[in-house]
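Chemist: Sequence:
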Amino acid sequence: MKILDVLSRDAICADLKAHDKKGVLEELATPVAEAAGVNRDELVRVLMDRERLGSTGIGGGIGIPHGKLKTLQTLALGFGLSRAGVDFESMDGKPTHIFFLLLTPENSTGLHLKVLARISRILKNEPFKEQLMAAATPEEIYAVIEAEDEEF
1 MKILDVLSRD
11 AICADLKAHD
21 KKGVLEELAT
31 PVAEAAGVNR
41 DELVRVLMDR
51 ERLGSTGIGG
61 GIGIPHGKLK
71 TLQTLALGFG
81 LSRAGVDFES
91 MDGKPTHIFF
101 LLLTPENSTG
111 LHLKVLARIS
121 RILKNEPFKE
131 QLMAAATPEE
141 IYAVIEAEDE
151 EF
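At position 124 of the sequence shown (counting the first as 1) the number is 124 in my numbering, and the numbers step up by one without a gap.
Hints were generated in silico from the structure; no laboratory data involved. Even glycine gets a Cβ: it sits at the ideal position worked out from N, Cα and C. Any given hint could be a false lead.
What the hints assert, rightly or not - Simulated DEER-style distance windows between Cβ atoms: (1) G85 x E139: 18 to 24 Å; (2) N107 x A143: 22 to 28 Å; (3) R40 x M133: 22 to 28 Å; (4) M91 x E150: 19 to 25 Å; (5) K22 x K68: 16 to 22 Å; (6) N39 x A117: 27 to 33 Å.
To be verified - Listed below are the simulated DSBU-like cross-link pairs for lysine-lysine, each with C-alpha atoms no more than 30 Å apart in a straight line: (7) K68 x K129; (8) K68 x K22; (9) K70 x K22; (10) K17 x K129; (11) K2 x K94; (12) K70 x K94; (13) K17 x K124; (14) K68 x K114.
My request is simple: use the sequences and hints to build the entire structure.
Modeler: What follows is the structure, encoded as structure tokens:
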């Protein structure tokens, strides 16, 4: 599965302003909820509930907040960059800069895991991460992801 099959340009935040986990989740959730046609506050609640089980800050400057919603019809994906970095309670204790927010329907475990695996795999590519961090606009971020998708 290609990232751009599920990531809308409108759900790319090139410069997150939030300074804490809840703020980042709220900021990322806004365009994703709008694109997916779900309630933003419900989405933030689901994401925060998931964070209480264990941080989705996987280390290396990466966070992949994710959750499942009953009311969702299809998978939704958002992306955000925090230039300053956020304390996302990462496994390595370092600030998180790159975020992919994944939202799936409640009954789609296979798809959920497939997309998480794809995101995790591409984020192990250091040049790709550097290109994302260097991108200044949603269009540039989209182009970086598009180039990576072409190799998939």
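Chemist: Take the C-alpha atoms of K17 and K124, compute the straight-line distance between them, and say whether it is at most 30 Å.
Modeler: Measuring from Cα to Cα gives roughly 25 Å; hence the hint holds.
Chemist: Compare the distance between the alpha carbons of K2 and K94 with 30 Å, and conclude whether the hinted pair is satisfied.
Modeler: holds (28 Å)
Chemist: Can the restraint linking K68 and K129 be considered satisfied, given a maximum Cα separation of 30 Å?
Modeler: Given pair K68, K129 holds - Cα atoms ~26 Å apart, limit 30 Å.
Chemist: Is K17 close enough to K129, meaning Cα to Cα at most 30 Å?
Modeler: Holds, at roughly 19 Å.
Chemist: Are the Cα atoms of K70 and K22 separated by 30 Å or less?
Modeler: Holds, because 22 Å separates the two Cα atoms, which is no more than 30 Å.
Chemist: Can the restraint linking K70 and K94 be considered satisfied, given a maximum Cα separation of 30 Å?
Modeler: violated (33 Å)
Chemist: If you check the beta carbons of M91 and E150, does the distance land in 19 to 25 Å?
Modeler: violated (30 Å)
Chemist: Are the Cα positions of K68 and K114 separated by 30 Å at most?
Modeler: Answer holds: K68 to K114 is near 14 Å, not above 30 Å.
Chemist: Verify the CB-CB distance for R40 and M133 against the hinted window 22 to 28 Å.
Modeler: Hint holds: Cβ distance 27 Å, inside 22 to 28 Å.
Chemist: Need the status of pair K68, K22: alpha-carbon distance at most 30 Å?
Modeler: holds (17 Å)
Chemist: For the pair N39 and A117, does the Cβ-Cβ distance stay inside 27 to 33 Å?
Modeler: This hint holds: roughly 28 Å between Cβ atoms.
Chemist: Starting from the hint 22 to 28 Å, judge whether the C-beta atoms of N107 and A143 obey it.
Modeler: For A143 against N107, whose Cβ atoms are near 34 Å apart, the range 22 to 28 Å is violated.
This entry does not satisfy hints 2, 4, 12, going by the numbered hints stated previously.
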